[in-house]
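Take the sequences, apply the hints, and build the full model.
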Amino acid sequence: METKVDITNEKIDLLYAEMEKHKQKSGPLMPTLHSAQRIFGCIPIEIQKIISKELDISVARINGVVTFYGHFSVVPKGKNIISVCLGTACYVKGSGGILDTVSHELKISVGETTDDGLFTLEGTRCIGACGLAPVFMINGEVYGNASVQMVKDIIAKYKT
Amino acid sequence: MLDRMHILICGGPDCKDKSIPIRDAFKANIKKHHLENEVSAVITGCFGLCALGPHILIYPGEILYSGVSEENIQEIFEEHVMKNNPVERLLYRGKFDRMKLKNRSELTFFAQQERIVLRNCGTINPLDINEYIGRDGYMALAKVLTEMTPEEVISEVKKSGLRGRGGGGFPTGLKWEFAKKSISDEKYVVCNADEGDPGAFMDRAVLEGDPHTVLEAMAICGYAIGSHTGYIYIRAEYPVAVERLEIAIGQAKKLGLLGKNIFESGFDFDIEIRLGAGAFVCGEETALMASIEGERGMPRKKPPFPAVKGLFGKPTNVNNVETFANIPPIFLKGADWFKSIGTEKSSGTKVFALGGKIANTGLLEVPMGTTLREVIFDIGGGIPNNKKFKAVQTGGPSGGCITEEMLDTPIDFDNLIALGSMMGSGGMIVMDEDTCMVDVARFYLEFTVDESCGKCTPCREGTKRMLDILNRICQGRGNLDDLNILERLARIIKNSSLCGLGQTAPNPVLSTLKYFKDEYIAHVTDKVCPAGVCSKLTKYVILDNCIGCTKCAKNCPVGAITGNVKEKHKINSKLCTKCGVCKSICPVEAISTKPEKWRAIYAKAN
Ligand SMILES: Cc1cc2nc3c(=O)[nH]c(=O)nc-3n(C[C@H](O)[C@H](O)[C@H](O)COP(=O)(O)O)c2cc1C
Ligand code: SF4
Ligand code: SF4
Ligand code: SF4
Ligand code: FES
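First to last, the protein sequences are chains A and B.
At position 12 of the first sequence the residue is numbered 80 (this note's numbering), and the sequence of numbers has no breaks.
At position 304 of the second sequence the residue is numbered 294 (this note's numbering), and the sequence of numbers has no breaks.
Because the hints were derived from the structure by calculation, they are not lab data.
Quick caveat: nothing in here was measured; it's all calculated off a predicted structure.
No incorrect hints appear here.
Simulated crosslink set (DSSO-like; lysine-lysine; CA at most 27 angstroms straight-line):
| hint | chain 1 | residue 1 | chain 2 | residue 2 |
| --- | --- | --- | --- | --- |
| 1 | A | K175 | B | K529 |
| 2 | B | K484 | B | K507 |
| 3 | B | K544 | A | K220 |
| 4 | A | K93 | B | K244 |
Between beta-carbon pairs, the in silico distance windows are:
| hint | chain 1 | residue 1 | chain 2 | residue 2 | range |
| --- | --- | --- | --- | --- | --- |
| 5 | A | T228 | B | N474 | 47 to 57 angstroms |
| 6 | A | I113 | B | D458 | 30 to 40 angstroms |
| 7 | A | V127 | B | E283 | 10 to 20 angstroms |
For the chain B half of the interface with chain A, some residues (derived, Cβ under 10 angstroms), not all of them:
| hint | residue |
| --- | --- |
| 8 | A343 |
| 9 | M421 |
| 10 | G570 |
Virtual Cβ for every residue (Gly too), placed ideally from N, Cα, C.
The structure is reproduced here in structure tokens:
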């Protein structure tokens, strides 16, 4: 199943308002893309076209930038984003096992979204909580000293 | 205020029983001398030197006493705490030697322990500018704007000997001078807060714990080079730091410490925050500037250097967060003071993020010239679970592994490069006997392949080829010739890549090949992973000392472990994905991956 991008008029208005602010600055593209990613959860081609018109930058260039950075995506992500830290400190302390667990529980691999659109699994690099390694995040909330049981419990919580 | 002195008493398993009377003896003395507000005595986690316990560690100075008993406390208190005269007879041997080597005059000794970069972290409330001001915040900027010319500012930074903490170690004063000399209607100051090294979080600690110090330093830099606009390029993964910076900028503007006509000096300076978007290569300064401009973050050819043609084509000075954090103290206490700390060619301190197989993970700031051994074993508390130290990795994906024999090397920019590693931004990952060095090299290379921007062929294709070979070796499909190919590819990539990412990417492979060749050979000729990590070359087995606690069976992500309570458990090797979870949680270390163990068990089974 494909998760639909939710492009409403309100959201588009919001983007225009943000672009109005960013246009005052030098180098408005990156801040605009950050806004778009935040508002829509991804930056599909329709949105890129709107940005292109407003900032007078070609769609080709915008698309090049969007696809270059890991933080932006063209397709929507799941409702809940699980990111397992694969930074060095976490890796050495066994974050591979944590990743395997999530992967096994949700039956998806890194970069994929579950069929019901509930979860996306990501591997991230150090999130600066190495003292708590291994570490993973759900929707930005950090869980440290992670164990398999902990991952299972938390996933179960988000499933309901 | 911070306590003048901290007394840490080891409360590890072996010292536990003795540590409480020791602490109470200290507390009684503290009370007697009314030093409650100045001296604290606390019981901490295991110091990791259990054979010699119990231990007492006294800050400042990280003075370690070993094998002390309750009867010694009176003497230690009277001599060390009251008179600052460590009781040499009771000191830990290694520490004793070091003290002999160093100038023991009281002043330098204390000066050498000063927290410079982290001076306010954990001490002030980062959301309140008044607390920063209360600790001489913005005094350096005031002094610079009202008493010094830009030339004097630059000459002071040059005199301090400060070198860039972002990895390269380039002299900061010289960099500022280049930017100043460029003539232009507009110049920029950029703070590099992209902190991409996976396993490092020094900059984050500064930005979250003391954001104003970075703002103040950027304004000083702006004044010195003739710029009125600063940018902080920060990782999007650090939302708390971003928020605190935004608050800090707002407060500074309100008080007129940023904005127009700061301190009535006629100098204007504003700072904007720009977010990174998850590309490691954007930590490279030219890629960073491309990213702010709204391009793909690809490095550009140097020269022209940023000081000549940088952001939006204008002269730009880029410095790292930690570099900036050193600037205000240099102006408050003087370049000579700063120069007196550290070594001849690397002055000041360095903050490290200590992680991996180490008792005390965390941040520490030590004077340059401190040895790796002191950092890992004295401050870091050594390796937990009685495991053997194998290597320490510095410099992240650009660095290399340093072995036991080289641990007494004093840390500075040049020494680490001589060892085949580098300072990098300050990530320091400790590895023990359970770490496979081939796998570590593979891990870093995987990172580089992921993060290579693809602009130049040696880095884009070469690192991928190296990774293919390493994957093959880890899967038991490598041969001896592969090791030569790895070395050849590494040389080519180092010599012909455009930016620092490619030029340093082979380092983790080269250094492990140099110091741990036997592990590579075991993988390619014997087809075993001596550390028991590479899954294709390993099996998980449960040994006879299993107590049947069922923990492993409950935690196995794929349900590969079976067994009854209080009976020896068994792993079904057909289901096992070799994730390592069971091994890490078994309370009695009954699960092994070491070749000598599983080979014996499998031999018996067949
Ligand atoms: C691939 C790559 C990544 C880098 N990442 C960072 C980084 O995350 N933070 C940083 O301050 N410098 C980083 N640098 C170094 C910068 O290019 C630059 O030298 C530094 O910011 C200059 O500041 P300094 O002189 O204060 O060290 C990186 C360099 C390369 C080649
Ligand atoms: S060395 Fe690698 S990261 Fe640097 S420019 Fe070339 S391809 Fe890009
Ligand atoms: S290594 Fe992982 S998959 Fe294999 S038995 Fe242990 S917990 Fe289960
Ligand atoms: S965790 Fe260890 S002791 Fe407990 S059942 Fe598993 S192997 Fe046996
Ligand atoms: S390596 Fe995982 S938080 Fe730093």
